[in-house]
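> The lines below spell out each chain.
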Amino acid sequence: MSSLIHAEYPVEKGDYVRAGEASTDIKRRLKQLGVSSSVMRRVAVASYEVELNLVIHSLGGKLELDVGPEGVFLISTDVGPGIPDIAMAMREGYSTASEEARSLGFGAGMGLPNMKRNADDFDIQSEVGKGTRIAMRFNLA
Amino acid sequence: MTFADMVKVLHAKVLVGEEKIDNPARTACCSDLMSDVLAFVNEKTVLITGLTNPHVLRTADMLDLKCLVFARGKVPTDDILEAAEEQGLIVMTTKETAFTTCGLLYEAGLRGVPIEWPEEEQA
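Just so you know, the sequences run in chain order Y and U. Mind the numbering: the first sequence is residues 1 to 141 in this note's numbering, read in order. Mind the numbering: the second sequence is residues 1001 to 1123 in this note's numbering, read in order.
These are computed hints drawn from the structure, not numbers from a lab. Each residue gets a CB set at the ideal place from its N, CA and C atoms; glycine is no exception. There may be inaccurate statements among the hints.
[Stated by the list, open to error] Derived DMTMM-like pairs (lysine to aspartate or glutamate); straight-line CA-CA distance at most 25 Å:
1. K1044/U with E92/Y
2. K116/Y with E1085/U
3. K1044/U with E21/Y
[Stated by the list, open to error] Which bits of chain U does chain Y cover? Going by a derived footprint, with three or more residues having C-beta under 8 Å, they are:
4. 1027–1034
5. 1045–1058
6. 1061–1068
Build out the structure end to end from the sequences listed, making use of the hints.
Structure below.
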């Protein structure tokens, strides 16, 4: 795939202060590229959700952005702990988020279903003890 | 209704975005749960909340929200207000509770943001 933009953002476990910085930058880049506001908004929401998931649930990971003729691609990979039951994690309202995350207004169990709803293609792979990879693609129009 | 009308109805104080308050406000939502706001809000609307942390701002940025109303007299810290200004938001604070804020605005003609349910979830 020929990529117009490639960017990588490391995301640290528990870093609630910086959570959202990657997504803010991703939105800014898409705006510079002239991506339509409705697409930009869907990418931004999914990106913020996945970035928060990395902060809240993972042991650390990274978010990657690629933009090409086939669309906008967001890939999140982390180094663990992995999701034991993906079907359960995909259910609206199910969450294992900490009190800290909940006190900030998150952990309602809407993250993964919301990513799936906003993306045109959504794939999640996870292995306990190894990590989780979430890949999303968004049509440009 | 304009944002200026909202200020009047709520006896609110405008903290940021005074120059935009004559613009029209059509819909609103109210939540302290940013997860829910990210999941159901589909338009550039008003958010009424009691949360004043930076994630309210991030959420507003991701969704291109137009206005934040902090209920129960809450005022965010200066760095949050500066960020709100950079984002081009209108921010106001009212002494009313979130419930009363919603009630007063509804009575004055403002309506809830429409929610689109996926087909399989429709009752």
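> Determine for every hint whether it applies to the structure shown.
Outcome of the hint check:
1. K1044/U with E92/Y: 24 Å, holds
2. K116/Y with E1085/U: 32 Å, violated
3. K1044/U with E21/Y: Within the cut-off at roughly 21 Å; holds.
4. 1027–1034: holds (count 3)
5. 1045–1058: holds (count 6)
6. 1061–1068: holds (count 4)
The structure does not agree with numbered hint 2 stated previously, though it agrees with all others.
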